[in-house]
Structure formats: C-alpha cells, structure tokens
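> Top line first, the protein sequences correspond to chains A and B. Counting with our numbering, you get residues 1 to 657 for the letters of the first sequence. Counting with our numbering, you get residues 1 to 657 for the letters of the second sequence.
Rather than coming from a laboratory, the hints here were simulated on the basis of the structure. These numbers were taken from a predicted model, which means no experiment stands behind them. One or more of the hints may lead you astray.
Because identical chains share one entry, a pair is satisfied inside a single copy or across any pair of copies.
[Unchecked claim] Heads up, simulated PhoX-like pairs for lysine-lysine below, C-alpha to C-alpha not over 20 Å straight-line:
no.	residue 1	residue 2
1	Lys565	Lys627
2	Lys232	Lys571
3	Lys630	Lys56
4	Lys433	Lys561
5	Lys644	Lys557
6	Lys400	Lys458
7	Lys571	Lys581
8	Lys630	Lys565
9	Lys56	Lys561
10	Lys291	Lys313
Now for the letters of each chain:
There are 2 protein chains.
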Amino acid sequence: MSGQAAEFSRENLENVLKRRFFFAPSFEIYGGVSGLYDYGPPGCAFQANIVDTWRKHFILEEDMLEVDTTMLTPYEVLKTSGHVDKFSDWMCRDLKTGEIFRADHLVEEVLESRLKGDKEARGLVKDANADAADDAEKKKRKKKVKEIKAIKLDDEVVTEYETVLAKIDGYSGEELGELMKKYNINNPSTDGPLEPPIAFNLMFETAIGPSGQLRGFLRPETAQGQFLNFSKLLDFNNLKMPFASAAIGKSFRNEISPRSGLLRVREFLMAEIEHYVDPENKSHERFHEVKDVVLKFLPKDVQQAGSTEPIQKTIGEAVASGMVDNETLGYFIARIYQFLIKIGVDENRLRFRQHMANEMAHYAADCWDAELHTSYGWIECVGCADRSAYDLTVHSNRTKEKLVVRQKLDEPITVTQYEIDLEKKKFGPKFRKDAPLVEKFLTSQSQEDLIKMKDELKNNGKVVFKVSGIAGEIELDNTFINIEQRTHTEHIREFTPNVIEPSFGIGRIIYSIFEHRFWSRAEATERCVLSFPPAVAPTKVLLVPLSNHEDLTPIVKNISKVLRKQQIPFKVDDSGASIGKRYARNDELGTPFGITIDFDSVKDHSITLRERDSTKQVRGSIEDIIKAIKEITYEGSTWEESTKALTPFETQAADDE
Amino acid sequence: MSGQAAEFSRENLENVLKRRFFFAPSFEIYGGVSGLYDYGPPGCAFQANIVDTWRKHFILEEDMLEVDTTMLTPYEVLKTSGHVDKFSDWMCRDLKTGEIFRADHLVEEVLESRLKGDKEARGLVKDANADAADDAEKKKRKKKVKEIKAIKLDDEVVTEYETVLAKIDGYSGEELGELMKKYNINNPSTDGPLEPPIAFNLMFETAIGPSGQLRGFLRPETAQGQFLNFSKLLDFNNLKMPFASAAIGKSFRNEISPRSGLLRVREFLMAEIEHYVDPENKSHERFHEVKDVVLKFLPKDVQQAGSTEPIQKTIGEAVASGMVDNETLGYFIARIYQFLIKIGVDENRLRFRQHMANEMAHYAADCWDAELHTSYGWIECVGCADRSAYDLTVHSNRTKEKLVVRQKLDEPITVTQYEIDLEKKKFGPKFRKDAPLVEKFLTSQSQEDLIKMKDELKNNGKVVFKVSGIAGEIELDNTFINIEQRTHTEHIREFTPNVIEPSFGIGRIIYSIFEHRFWSRAEATERCVLSFPPAVAPTKVLLVPLSNHEDLTPIVKNISKVLRKQQIPFKVDDSGASIGKRYARNDELGTPFGITIDFDSVKDHSITLRERDSTKQVRGSIEDIIKAIKEITYEGSTWEESTKALTPFETQAADDE
C-alpha cells in the first residue's frame, strides 16, 4: 500500500468521525441541541493528549501558575470586564413566525445569493441554485435562503454589495438595520418584515442561590478568574515578575444559530495564559531561543492593501521591525507555532493574522490570531493579544483592591508632579451622596488636566466641570481644592502590569487537525486514514491476533501487560474481522502502530509492527518492537531510526489478507 | 527534626491552605460567592495529579471508554432522569425579612440548640452558648441560632427531639413543615413566622439559544451524558459486554446555603464510571485479583441496630455472604479502596457504609458509600451503586430508542408465553387521541396480568380496566383483543444492561486528604507539613541554592534542565530567605523532596537530598539523587531502598540553619 492521498472530502471525514465516535451531537436520541457536541472515546483521548501536551509545552516548560477557577461568575465581575455590555451579537426577530436571525449572517447570505442570481442572469453560471446547494453542502450550514432567483443587478449595485460583504464583520447593529432597510432584506422564507437588530448577549445567565437575586453567568472565557486572583498569584510567586498564570477549562457562548460543527459551539474547552509583564520592559528572557523560527504573517497593512498573501520571516525580524509589538508577544507567537506543529497542524495551513484597528479592543496594544485553514476557510484558533493594563485596572477600580506590582528601586528616583488636595470635610455637606463620585473624579485627573484646572482656578477663581452620573455642572473654588506641583523621592515603583494573553480554542484546533490529517488511500478511497502524530494519537497501538486460537491468547495477554506497565495506551482487536478490515478500522482511528501476533509468534516470540501511514511492516522481538514504539511515540525518534535494526516484513498481500 | 505530630487543628490547616493558595473563595475581591472556590497552583496541580491517577487506575487499567459530554443539558433529559422532579431540598422563606432557610438544617439546628439549653438548665454543662460558639467555630458554619436559652425540657420532649434528630435526613417537606409547627420553629433571629417548606430544585437553570424557549440546566452529575451515548459506546466496543464508560468533569448543585468549605460547593469536579453488565451475570472477570482486600464495612443491618462499629472482612467474604450484592459491585468497592489509599487517604479513616433502604433510590439494587472521616464527621466521598436497568429504561421509554444489548444465543431457546393481539383498526375510532395510550397499556402487561385478562375475557366476555391519563373505565371485548399462549424459537437474547456506578466527588476527596495528611511538627507547632504521597504531590522537588552566588547558578540551571527533561515537576526557590524558612514553606506545600546546592556542589557536583516528613538528608551525585527521586515518586520504591547507596548527610543545625 502506498501513502498517496485521494482528494479531500469533508463528507468522508465526517462519516469517519461519526462512525468512529470521535464526536457526536449531544442528546442525539432526544433530537440534539444545536451547538452542543459530546466527544466519544477517541475524541476524548485526543483532546486529553492535546491538553497534556499543552500543559507540558507551556505550563511545565515555563513554570506557569495553573489555576482552576469557577465557571459560574457573578454579574458584577462581567459587568466590570465589559462582557455584560459588549459581548453580544445582533439578532432580528420575525414577530409573525417567531424566527430569529443573526443579523450579520442574514445580510451576508442574502447579498451573496443575490450576487449569485445576478451571475446566473448574466450567464456567468449555469444554475446558481445547484451551485449554491453544492456550496451549502460543502459548508454544511442550514441556509436561510432556499432559492436563488436569476435577477440581473445594476453594475453599481454589484459593487455596493461586494463592498458591504468585504466589511460584513465590522458593522454595528444600527448599521446592519440600515443595510436591511436599504436593500430590502426580509425573512427569506416568507418575505415577511423583520424587527430591527437588537443586541443579544451571548452569555448564559442563571441565578445563584435560592433567592434568585444573585444574577450570574457562565463564563465566556477563563481569563477573568485569573485576573481576579492576580495578587494571590503574585504572592505565590514570591513577588517575582514577570510571571504567567494559566487555566484550562470549559467556557460558554450562547450562539444565536450555531453552525460549522465543532468550529462554533455553545460549550467549549479553552486553554488560556495570562502573562504579566512590566509595561516598560516587554523583553523576554528566552526570546533568543525562538528568534529564528520562521512564520507566515498577515500584518494589518497587507490586509488593508487588500492582499491575503502572507509575509514569511523570522519572529526575530518581525519584532525587530516593529511589525510584532514586542518580544514577549513575539515569544508566545513562536511558541504557539511550535505547539501547533507538535500536535499535528499542517504548517502550510497555518498563518498569523494581525487584527485590524477596527477589530481590536480599544485597550489592546497588538493582537495576532493563529489561523488554521480548513474547508470552512481560515479559522481563528488561537488569539495572542497584548491586553495592556486594561483588565487589572478595571477590576481594581471597581473593587478598590490594588492589583499592582511594587518594586524596590535600585536607585531612589525623584518625581515631580502636580497633585490635588481636597478639603474633604466640605464635600459631604455640599454633595451628599454624590460626594464620593466627585472626589473620585478629581483624584483621577491626569497631569495635563490638573495643569488646566490649576490655570482655570487661577484665572476664574473656580473650576466648572461635569461628572458622569451627576446632573448639572459642578463649580468649586479654592476653598474646596488646591493644586500644586511637588517633588518626592520614591524608593518603590508601583505599577499595573500589562497582560500578554495567548488564548486557545481547543475544539477548533482539534477539528482543524482532523482536516489536516485526514486522507484516503488513492488506490482505495474508502480506506481513510487519520495521520495523527503518535504523541497525540488517541491510542498508540492496536494488538491484532491473527485468529482467536488459544495458542495466541497468552502472547496477547503478555504484550498487553507490558504495554500497560509502560503506560502506552493500546487496544486489542480480537474480533473475527479480517486483518485487513481490522487495520482499516484502526487507520480511521488514527492509531499509528499495529502489532500482529501470528503462529510464528508462538514459536519464536517475534511479532510484526505495522506503521499506519506507509503500511510498512517490520518483524522483531516483543522487547525490540515495544522499544521502537516508545522511542517514536514519546522520544521524538523516527520510524526509520527506530526500526533500522528490525527485519523488514512482507506479507503475501499486505493489508488485504 | 523528628516526625512527631502535634494535635490536629483545623484552623492551622486552613491557614496553611490559604497562605499557600491551595484554594481560595472565588471572586474574593468582589466579596466572594458562597459555595464557589478557585484552586490556586498547588491545589490545581494536586487535583490534576489525582485526576491523572484516577484515569490510569480506572480508565487505562480497565480499558474503559472515556467520554466528554456537555454540562448544558436540556430540560427533557433531566425530566426523564427524575432530576426535575426530585433533585431538590426543602426551603422555608421568611416573607418579612426575605431570609431563606434550608428546612432540615433549621429544624436540626433549633432542636440541637434547645437540647443544649436543656443541658445547661439541668446543670450538665456550664455555658451552652460558649460551648456552642466553640462548636460553631469547629464546624465553621454560620449558625442561625445565635443564642441558646437555658430552658429545661420535659424528659419526653428530650427523647422526641433526639428521635427526630436521628432521622433528620429522611423527612419529606410536609413532614418538616409539621415538625416546625409542632415544635414552634420560627426564624431564629426574629422569631417571625416562616412559610411552610417548599421544594427548591438544586439545578442551575438557563435558557439555550436566543428565543429563551429551550429550557436547560447545568448537569447535576456526569452520568446522564454517558447513558445517552450508550448505543454508540456499545458499537464502539464492537458490541462486546460487559464494558464501562467514564467521564471526568464539572457538575453543579445550587445549594441553598453552602457550608463546610470544599465539602459542599456549588460547582465541583466529578469522576464517574458507568459499568454496563448483564443483569443475569454480575460476576467480574478480575474479581479474583481483589478478593483478599480487607475493608471496613458498615452494612445496613449494623446501622439499623444503632451501631457505627464497622465490620472488617475481605471483599471476597462480603460478596460470598451476600452482604455486598454482587462481584462487580464488590470489585469496584475494592478498586475504590486501592485508589483512595494510593492518593493519600488514611486507611483508618475510611469506611464503606451501605445505604439504608430509605436512603436508596427505589430502583437501586445495592449502594455503598466510601466515607472519609474529617473534622466535619464522616463524609460521603465516593458512591458505588448498582442502579439496575433504571436509567437506560427511562430514557429508552421516553425517546423510543432501543438502549439494549442483543446477544446471539449459543443455543436457540424456545420461549412459551402469552401474547396479546390488538385489532388496531378498531382502536382509533373508539379511543381517538387516547388510542396510543390504551395500546401501550395493553402491550406492556406482564405475563401474570395477561393470564388474568385472558380469564376475565373468557368469564365475562370483556375486560374492564383503567389507564392512567384517561378518565373513566375502559371496556373491551374479544373483537378488540385476543390473548393466546404461543411458543417461539429465539436465536437472539435482547436485554437492557444493568449499571454499576462508582461516582467520585474529587473536591471532597481532596479536602479529606488535606486533613488526613496535615500535621505540625511537635517541637515547633507552627511548622506544618502536608505529607502527600510523592506520586500526587503538586510539586516533587524544590531546588534550594544556598545563596544567590553566581557560582551556584549554573548548577541550578543544569539540574532544572535534567528535571524538566525527565518531566519531574519542580520549583526553584532562590529567594533570600534562610534554608530553614524555605524548607518550612516547602513542607506546607507538601513537596516531598528538597535539593540543596552548596559550595561543595561547585567542587564535586554532589548535592543534598532532603525528605520532607523525616527531614532526613543524603548526599550524592546529581544523577544518583534524581534517580532516587524518580524511583520513589513514580516507581513505588521507598526512601530506604532508593537512598541506601547514598551518603547520609548531617547538617550542623539540620533544618534551622
């Protein structure tokens, strides 16, 4: 058997994943719930191996502080983080049918279908419906637009539609509503009117405790639980900086209409790192170890120029040229690359795409996504963002708990700055319950603002300002406040660290690897293979006794015992199926090695080792074969190196006996 | 330093767990949410090691099929399983203050406080309040009853109260309400009236999807997700029986008023096994491997006799005598024992308690809890139940999906039985929408019922019966039904497997091990130690350079590299603290080994190895020391065996230098 591959077919892959129970819709016997999937034994083992590799690659290697924080999260925390207000998609209701559409997806789909209809009308395609059905099948989405009408559009309309589609991810709800009005977008099945888009928050809400009054959510990310433990972690780390925390756990997102299988689900496994770094020094101690790693970058200026052609360079060059903001961010980008390659991602289908200014959170200094190419297009699988001091600052402001690092300065420094003194005992009588708000407003002014205020006070004898949350203007004279420039000597530097956050969507990575590692043998396309790297393959070895003859049983038991002792995951297949069928099943499960036990094994204790991808076979003693498996699986050796002392083995009819 | 222990103090333990960030209240800077805790780095690593051990001990060793199913669960599934109707506690509201009490806890606490007041009135205790305060401190619960009044009770009232308290776990909501009326139990702080107990469902509810119409819950256990995948798992197992599935994941319980720290929380990690077995053959292939394991049993008859004195015998005897229902249940009980001992449970504080008839679910054939003794009393940490065919049957009935095993019979069998034939075309016109209900009622009659019906039909010319859900009686004559005895030959046996379910509360086990493994050195009670077994200790080795002198740095780096390569989790403590202080910190973290690097290390590359519990030290080469660590931690060797070739090492002042 050769290692040649037939053309990729998503349908074939999905059949294999279903047949071998890598995953399946949750609650399928109850009709299922969209966006929820269960992992069966091979999917679960694959996931566990990837998590284990992640833990070793990041946490152990870098001595990160792993935490396990709760999914249930009270309202206040997510209000502060911004998720209550901003973590939402836009949805439109059809009040008559009760249907709900995700606004951006609807606009996208309707305009795309009109463009296809236009092409048919222009005679550029034969049958847009057949074409779209094919497309829909490929994309496996439930299309809202059932029929495409061959209607020619004006040239300028085509251009407009194309411009809208190119920017579809960036529209606000209001803008989407305007587009729907302008282009007369209704419910595609009934043509009935839709309500204007409203924000639908994507967090699952629940009530904590019996009173029903403590609102809570299921976390949308693991990050917040890490931020809230910042001070405890810094203590745990003996106050040393920089350091990183990490968490692996489930997060939740109440998608409006989940699609694309494992790529967009409502409950998913994440692995996130929060690396805390001095904002004035974002160098990384181990950057030199990765500086020569060559990556494919899609920086924002290339995207702005309308290109999707990645730039290939080393991470060292990328940081030196300023394309990647800093060494720490660059270090993690390279480490993400190394991790993804290790677990089976195809390096030709991996790129790092920089966020455009309009995609990036306002506080972020820089952000790169590791995108993996699949039959659904390029998919964001890992985010790597410099979140600046945003998170610690907002939680600290809200809770009044200091989330800072205090560093003894080698040399004391003198600091000259403007300071504001409040005559606090006058604030209470004047502002009553608003007094804390006014005080907070005044003490949080920047140097620049203080200078302006000082001038205003000097020139007008008073300052006039507005405070958010208090009606009307506020006037204060110098019996309330005093602004002065002072000079202090400081021995301690206190700062809020910045956060570099690599954030992994494990399910998306897993699905992408399924696609990257799936192929069919060219000479028999029904013979499918999942070529997982041995280190992450769900099972490492299949034991195949030639028959159920009792002479073979003790050998199977003996090899099982040895494998179990060495903690090498294996399965025995002593079913009545032919050897060929058993190996075919095994190839679909991605098991890298097969061991055949035959009647020669009874005589001389030799066994045959088969390699999944090449179907090559070698013969040797139990000890030597297991040694080879162990070296290739866990010690980074290759098939060639580890089997060169073993005897090549040719069966009469290879896999098909 | 000796290994002698001072008396256990929960306060000391809690201080250590907090100081070393084993765990902490979640969202603490926001004031916390009761019943939610985060694990910090050592707690998280300890948990990961226990999960890893569990996976190897059960899943790998027994070739179980691990699955990862979703936490979000639709209403219908949990309605069928019985959780919507029965998974609740009883709560009472004070409508005036808005306070909510868990009814059984309130009755328990009020009656206990009255009994204490009685004792004081009788002069049996000096100050019941002081006593109770002490008690409350010990139990660390927020007591509702703030003050105990020294009021003497009638002797028969005392007896009544004691009887109620002994049965407190078994009352229904109505009964609790009657007790509250009878004993005049009000809000303890205001003496205001309370509403009668109402059922409070302990599941967290949420809405799935944007319409808000798909009700869902966070799963209260991982079991249901496993049951629903039964057929896929049986297929995956090539239809072979028996087999087991397993799941490790978070579950949720919206406790009315969580208390007892990690023992009663709202979000917790579970590990559950569902072992599917032939109801007619519950023997276990590997039972002989465990039959001589000696366990402490507290069977139901001993409990009924009012004793808590466990019976010590082998699991072989327990099964043979019928005390434990069957071999498979017994096998898992023994395997649970072995697991718990492996991860650090004190075998003197472990017992297996059988459920009493009133505790056990009606469908369960037998149920034993592994209980661990802590300062909170005996705590249920692992349940091991024979759930019969209940779960698969209810889901199958609800969904009409067969959840059965079909086995080819070695010899065909002849089955003679009564069968009922329905004249279906007459049912529709007569019963209209009720027809399916009537048909289902008739076709699900037992053999015994069919014989009765046949007689009735013969004697009266008709049968009269009632069907739940249909008003009035139903009469049918023999134009509708026909009952006959027939004989068939069957080649296939179809059956619903029974489920043996070992279910582990990982958080409760973890907390119990903290208590079992915590002690203070007798000569310095502030020196606390957590004596975790090396295999599950969060970190295995602490590297302690004598000073920050640059000569020592390369050696620390070199040892770090070797340990990392061998994947032995370690920490470096190069803080300025004294060696003694650093080891003390380390003992609190439960790290079994310390390596000291001193100036002799520079000369001859020798290092010192320190054992946590005994504080014994030996000296040897880097290779030999790491070899010893590896043997003791991962290969089951002892300190004595693995260090006998190394040189005993005496420091001038041992740990206190």
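> May I ask which of the numbered hints given earlier this structure violates, with the numbers listed in increasing order?
Hints 4, 5, 6 contradicted; others consistent.
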